[in-house]
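*Asks:* Residue numbers (our numbering), protein chains in the order written: chain A, 718 to 1183; chain B, 718 to 1183.
Hints are not guaranteed to be accurate.
Stated by the list, open to error - Straight-line C-alpha distance at most 30 Å; calculated BS3-like pairs for lysine-lysine:
hint, chain 1, residue 1, chain 2, residue 2
1, A, Lys937, B, Lys937
2, B, Lys881, A, Lys1015
3, A, Lys937, B, Lys1150
4, B, Lys937, A, Lys881
5, B, Lys937, B, Lys980
6, A, Lys783, B, Lys1168
7, B, Lys937, A, Lys1129
8, B, Lys1087, A, Lys937
9, A, Lys1015, B, Lys783
10, B, Lys735, A, Lys881
11, B, Lys1087, A, Lys881
12, A, Lys937, B, Lys1122
13, A, Lys1150, B, Lys1122
14, A, Lys937, B, Lys734
15, A, Lys1168, B, Lys1122
16, B, Lys783, A, Lys881
17, A, Lys1168, B, Lys1168
18, B, Lys937, A, Lys1150
19, B, Lys1150, A, Lys1168
20, A, Lys849, B, Lys881
21, B, Lys849, A, Lys1015
22, B, Lys1015, A, Lys849
23, A, Lys1015, A, Lys733
24, B, Lys783, A, Lys1168
25, B, Lys1015, A, Lys937
26, A, Lys1015, B, Lys937
Hint data in this document are derived by calculation from the structure and do not stem from the laboratory.
Protein chains: 2
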Amino acid sequence: MIGEGGYQQSMNTLIKKKFHSIVGDDHFRDRPEDLISYSYDAFTVEAAPDLVLLPVSTTQISEILKLASEHRIPVTARGAGSSICGAPVPIHGGIVLSMTMMNKILETNTADRYCIVEPGVINGDLQVELAKTGFFYPPDPGSMAFSTIGGNLAQNAGGPRCLKYGVTSDYVLGMEVVLASGEVIRFGSRNVKDVTGYRLSGLFCGSEGTLGIVTEITLKVLPQPEAYRTVLAVFNNLDDSAATVSDIIGAGILPAALELLDKVLINVVEDANNIGLPRGAEGLLLIEVDGSEEQVEKELALITGKARNNNAVDIQQARTPAEREALWRARRSLYSCMARLKPNCIVEDATVPASKLPEMIRGIRAIINKYGLLAGISAHAGDGNMHPLISCDMRDQEEMERVDKAIEEIFKLAMACNGTLSGEHGIGIAKRKYLSMSIDEPTLNFMHTLKHAVDPHGILNPGKAI
Amino acid sequence: MIGEGGYQQSMNTLIKKKFHSIVGDDHFRDRPEDLISYSYDAFTVEAAPDLVLLPVSTTQISEILKLASEHRIPVTARGAGSSICGAPVPIHGGIVLSMTMMNKILETNTADRYCIVEPGVINGDLQVELAKTGFFYPPDPGSMAFSTIGGNLAQNAGGPRCLKYGVTSDYVLGMEVVLASGEVIRFGSRNVKDVTGYRLSGLFCGSEGTLGIVTEITLKVLPQPEAYRTVLAVFNNLDDSAATVSDIIGAGILPAALELLDKVLINVVEDANNIGLPRGAEGLLLIEVDGSEEQVEKELALITGKARNNNAVDIQQARTPAEREALWRARRSLYSCMARLKPNCIVEDATVPASKLPEMIRGIRAIINKYGLLAGISAHAGDGNMHPLISCDMRDQEEMERVDKAIEEIFKLAMACNGTLSGEHGIGIAKRKYLSMSIDEPTLNFMHTLKHAVDPHGILNPGKAI
């Protein structure tokens, strides 16, 4: 039975048995309570799959995809489910392919600065392993404690540190991928410089599982910096904090992180973490520099100078590694803190060139006020990656209409500032309806041409990314 | 008339007139002496086009491609023609699209760290413009004084500085591209973080003009470092110089450049430049560090320590900017110096992980000796990007057979070391026959699937890259 979109609407027992025989009892789930567990991510839309498979090898995934192709069954790969754009939600049913059992670090090679991992490896676990050898993997999404490298790759995840170090795609040297047909391809290598054939890593990063299932990833890693300095700069005016960011970036300084919080967020974070944030402040910058001891001291002096020039009322430095870690933990807790206020929290990530930051912040604040919403503004400010967090209640239809209107206005403003819809969270299902604001029709058609060439039956995560 | 490969073998006068009417008299070339000028690059194969067009706008290129598609005429884009893999040589005839008249820097924005250029802008000219504002564009291929940004993009060019700073694709934020159909697409943005739709920049970088004609490029730029230090470390044993490289990289130091030359090259460079290189040395490292004053001093001390531990017999520091520039000019003159010895010089760029460098250098030297060739070895050693330079005479068939055998053995050795066929020069026509050593059949088929989807009649630079 073929339904809307050409997908089989329900899977018959015979086909289920075939999938069962590929992965075996322990890696097969089809009880309703199991299916519900795989029906959502951190976005607001839910949809249950017909089947959940937890493969342990490339060979199994190849067999699964051959069978899924034959029967036109949608296959949606899933890491930790921490996406906030609905990317791993199986909106057309079919199979959720949970990659969590493929979680081995296959090799770490610090002499040649790479590691090879399976997609289910958790970002934070990889960091712990690398730290033992004095290395690190720069991309640090807020979810790093639980999100997987495969999921990070699918969304081309960023994070605070990406201001200085770049995003996931800057670290992917090679991959193994199972295509919709079940064929296995391998590209890239262990070499930072490699121009042999098309550069497919770039295409797969951020493609949200719509082009293939990634089964092995070779990542570039870096030596840990010798020293860090972490400071909080406090402002009585949000514009002053934004101007400080522009001044720092404009002066050619590249901090490891440059995070902005507004008063709403300062207070919800302090409510939850109780680490002494200045509740009366209108704007807060959390700034980190890294490098040699000499370099961090020098950059710190330049940065605090810029902050003082822009009327910073206080500048506090983390005195111990524990204090530093507490500040970062607080920053990473933003979403969960906001979620205490109302049942739902929508996080946007429109991104603009850094010089447009003050204009963008003023604009977002005005839009939030215009629609009477409860929202805070945070930003990976150094790279103009805005994160307005809007507290809301999905059951309140009137409020959700205001939220929708506000989001659309925020995107329009970002476009007017030469920005983009999403800096690091991805399109998923959350932003597909806005895509045409950012990508013109011929370009979107071109993306669909590529997708169709690679996945002619459209079984791979249908309805996402493009 | 359709010949081998399905392309029209000669263009009739009526079609030529249509192309003429698109670009006008001053931008149209079809005299034999003109065609010969566009029949070669710095590789050894020559083939004249039927027509050379020098468009000045995206609109003209769109019209050209519509017409070429209609008549199945091959179109090969060409920058400065400095490719060393035959990428811009029109081996199936048709049109050479010279991009040299689209050479405007459209915007430089240092506050937001990007610039927007037309593809015909020369890398060196862009560097001069950026230097005025205290910024630079890191990729620095040996050809940077004359090669174009469009050509750099098509080959995903690297260079010495790419050890620390990454290659061309690490700096491309967005593009405008004319497809084979004549349709114009635009993707990416001015934002470093951008996950809106597929990440097409990654795919187009290094695709050698086989997927589309790039007409505008947005590049990330960086603030110039405060200080440089440039040193020469001299060794009586090539293995010691290679071991020094491994030790530096293994210790977590990342110089801006780390170049190796063997005795043959030290002497040909000294013959041509007369800058006082140590003619008796077996190995030479040209090392540059950049950053803050404190950082470069510290790194320099660490690096010279590693060199001394590996029996460096002399370490000389460039005392003035002029001395530094002379050293780099000498390094960039390698190919032309080797070309003095025999009529031809074949430059390979097999690349291996840095720890394999000593093994690879010993192996290449053994292969060169085995086949009795006149060759020197240079390397962007920090990233394992080998450049054996083989002097030869294309008219000497017996010698060329030895050259071919040696190259194939070098590639086999690189593969055994987890390396790749090409680090930065590209595949073009030079290395297509070796592709299957590095890329398996399903993966190569996948690349051809993408190519066919995007360019169904195969008019864009046929016979290259994949």
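*Asks:* Does each hint fit the structure? Answer for all of them.
*Replies:* Checked hints:
no.	hint	in the structure
1	Lys937(A) - Lys937(B)	20 Å, holds
2	Lys881(B) - Lys1015(A)	21 Å, holds
3	Lys937(A) - Lys1150(B)	29 Å, holds
4	Lys937(B) - Lys881(A)	13 Å, holds
5	Lys937(B) - Lys980(B)	38 Å, violated
6	Lys783(A) - Lys1168(B)	23 Å, holds
7	Lys937(B) - Lys1129(A)	24 Å, holds
8	Lys1087(B) - Lys937(A)	36 Å, violated
9	Lys1015(A) - Lys783(B)	56 Å, violated
10	Lys735(B) - Lys881(A)	50 Å, violated
11	Lys1087(B) - Lys881(A)	47 Å, violated
12	Lys937(A) - Lys1122(B)	33 Å, violated
13	Lys1150(A) - Lys1122(B)	56 Å, violated
14	Lys937(A) - Lys734(B)	52 Å, violated
15	Lys1168(A) - Lys1122(B)	41 Å, violated
16	Lys783(B) - Lys881(A)	42 Å, violated
17	Lys1168(A) - Lys1168(B)	13 Å, holds
18	Lys937(B) - Lys1150(A)	29 Å, holds
19	Lys1150(B) - Lys1168(A)	29 Å, holds
20	Lys849(A) - Lys881(B)	23 Å, holds
21	Lys849(B) - Lys1015(A)	24 Å, holds
22	Lys1015(B) - Lys849(A)	24 Å, holds
23	Lys1015(A) - Lys733(A)	63 Å, violated
24	Lys783(B) - Lys1168(A)	23 Å, holds
25	Lys1015(B) - Lys937(A)	25 Å, holds
26	Lys1015(A) - Lys937(B)	25 Å, holds
In this structure, the hints that do not hold are numbers 5, 8, 9, 10, 11, 12, 13, 14, 15, 16, 23, in rising order.
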